[in-house]
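Since the structure of chain E is provided, determine the placement of chain D on it from the hints.
Read top to bottom, the protein sequences are chains E and D.
Each step along the first sequence adds one to the number in the working numbering, with nothing skipped, and position 239 is 239.
Converting from the second sequence to the working numbering requires adding 243 to each position, the first position being numbered 1.
No false leads were slipped in.
When the alpha-carbon atoms are kept at most 27 Å apart in a straight line, the in silico DSS-like pairs for lysine-lysine are as follows:
#, chain 1, residue 1, chain 2, residue 2
1, E, K135, E, K173
2, D, K546, E, K131
3, E, K135, D, K546
It is worth saying that the hints were derived from the structure and are not from the lab.
For reference, the chains in residue letters:
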Amino acid sequence: MIEADGLIKSFQSVRALDGAGFIARDGEVTGLIGPNGAGKTTALRILYTVMRPDAGAARVDGLDTVADRRKVQERVGVLPDSLGLYPRLTGREHIRYYGRLHGLGGNSLERRIDELIELLDMGEFADRRAKGFSKGQTRKVTLARALVHEPPNLMLDEPTNGLDIPSSRAVHKLIRRIRDQGRCVLFCSHIMQEVAAISERIVVIAKGRVVAAGTQGELLAQTGQSDLEEMFLSVTGAPAESW
Amino acid sequence: MWRRVIVVFAKEVVDNIRDRRSLLLALVYPLMGPVLLGVMIALVTGMVLAYPRGHVRLWVQGGEFAPELMAFLEDEGATIRTAPDDPEAHVRRGRLKHVVVIPETFRSEFAAQRPATVKLFVNSSRLSGLVAVNQTIDLLEAYSREVGGRRLAERGVDPQVAQPVTIENVSVTRGTHLGDLFLLMVPPFIIFTVFMGGVYLAIDTTSGERERGSLEPLLINPIERTGLMLGKFMAALLFTAVAVIVQLIAFKIIFYFAGGAGSTFDRNLGPGAMLGIFMVALPLMMLAVAVQVIIATVTRSFKEAQTYLGLLPLVPAIPGMALVFAPVQEQTWMMTLPAFSQTLVFGTFMRGEVPGLGPTLVSMSATALVALLLVALAAWLYEREQLIFGG
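The shape of chain D in the complex, shown without the other chains:
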């Protein structure tokens, strides 16, 4: 039987390599995720890098009321610019990221050693301003601490008395937190591709074949219908695997350029992780293609199959998207869930860790088992007489 299965497989591969739509799904669609993520990484890292400490540009109104503060800020490396009139409007319209306004009362209050107010106009709906705003707040607080410490010292009090708690930030991840967020977006993209890569081929070789009227003559050839189905299944699986490989390589390239060589992005998606992700994804690819073949078999037309299968990739990818923002504690039972377990394992790889062998094997074998059952169901559906009519 296998010789004829290979004949079917080879024909479907050649046929679909000549089809622009099949190639688009296998070679171009997988690039969307990496490109999107690359743009996001470039934008965010650009925001952080554009404002290194010591190069803060500060728009100030009323600087003449606080000459000592201005001197302090310039000592700290900030460039002081005089803000235009109506700073609030400028910030609201996004012309200026933020403006420090020193009211006239500052001088008298400062001299009287009462809390002197400094206003900071910010536009919190603009992400790009956040980093600079934080730096400005840090600078102003540093000045406040310094002056406060000096005043205490003048009264013979140790300034440390006024600082009962010191906060030290210790990050437990290997990279930056923002980077982690992007890395965790990789798994849902891969899951999406697993369910998308071979979908066109799966429809074309079953519903499409039926709609073209080429299925009935094909069924008269001396090959078991299960063999026929397997040849088509393997061709769709190949296209899916190619799509996943294309996507992994695209992620690698994008991470290298957007994150930089040796960055968390570049390091965590090393050759080992890529191979690991591909291997763990394999049983899920089988499952995805089996589902596609089943849907293409029971639907009556190409269009009907397309409607169902177009939505299919979103469903298994959604949990992964949720996990980016609300991570869960891994449990062994979760490893039995197809798509979800792979999302977790991919996530472990992307955090730069190596997933445990046990959970990984549970994920692979549980998904493979479901995939085999679905392949058996597809084979049964192919045996039915209704195959030539659909439904």
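The following block holds chain E by itself, in its conformation from the complex:
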């Protein structure tokens, strides 16, 4: 379970988060959606421990992301905002590196790597060096290394950004599969169709605050709108026809 509780975070004079709070439950996919610059990435960065909130708290399985950073890191798998690979390491070596950093090793790690290569259909390029990988191949490697320690919580920042349709579908399938294992998935996106397609719950964030949250039906009922895009525009306060 992933919880954000009244998160506040400023960068110089810009207030990126202004009291955002939400919960992502186990066995569910929670989609975080909002306009560009709404604070989605900052919220995730606090949740996955690379940033500290100015006020408020972030918890993963009840553990504070600041006070219990190491323990939280053991319990999350993350596809962060930046997805760089090491050009001189192979796909397999990337997954092995992260596995070892999680304290795994030996045959069990190698078996786990083989499983992930199979699961993500990486056989063709797993032993090639990452220099020259396509976006889809890069994404698969970063997903595999985020999943190597079988984390109970998964956080994905724009997981299908820049991917073609088959690759996006593969990622969606993987997300559902992880949810079906009873794990918690929190992902952010700015594409409403994607959020609608795979999330049980939607959290709409704008100007650093949560402006609406609930299932698709709840959100439509709360706002009296007939479709999710209209709902989104009405809660984020953006003009319907801005241009």
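For chain D alone, coordinates are given in the frame of chain E:
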């Protein structure tokens, strides 16, 4: 924590062994100094050895006006050649190293027992002529003394009366003076390598990692950031140490071939001195890598880091270069200065002496202390949130 530090260390080593630029800095750049010095030693020793006493080749104009002098020179083993016309132009253009010109007036002045002039045309801008010129001057002076002594004896005077002072050169160093100069160029080269050997790796593993976008995912792994920094630090330290070892071995090989087996060069850089230099250099390597990590952490891009770190090795090497030409008297306080103290200790080794244990320990511990403070600063910088953005 240490198990994961080793994981980071191992990954960075493998990653950078596959990188041509890291290897170039650690394995090829350190060879530049030894090769340069080797060429210089070979050229200079070649100049000295090419003109052994007794094999002076003398270009002379007007030799017929001083037959007795010519006979003396040939007795001393010089080969006399008749110089072409306009000897001055030949010397100026470098076709001849030097020419002895005996004017026609020599004969009459010599016969009248007045000082007879001999002109020596030399080109002092050419180093290679210096040794031969000195030998020629020695020969001419020897002749002058001999004739002068003979004339005094004819008048019943002891020739020693005309020689009130005898100069005896006593060199206090074990080798030749020229050799010392080259030996003292070794320390600044080593200091340069200490600050250069791991620089690419230090940048690549911090600024480079950030620029590639691989730093943020890395930071989410369950390892303390200090541990992460230490793994990278140790990898850069390893490359630095390899660079210094490569350079020391290269110096050894070059000195053996350029100076000859058993020469001052070969003798002074023995296995003991090499080990001593490496040990004394170790704390400085830690300091250098810590500085590199710090700069790579606070700069925003690979290029920015490269700009600063490209200049860095020159600064600590400059005092060493100055010391080659203007040696200083060692003082204890100097041993507390990182880079400078190592330059002095390396210099002692290179002169064929063993540095005192006290000063050496002061140098090592003072530098190690500064290095530890810098490592602590690097760890603090790694803890900051700005790490993923730079600055």
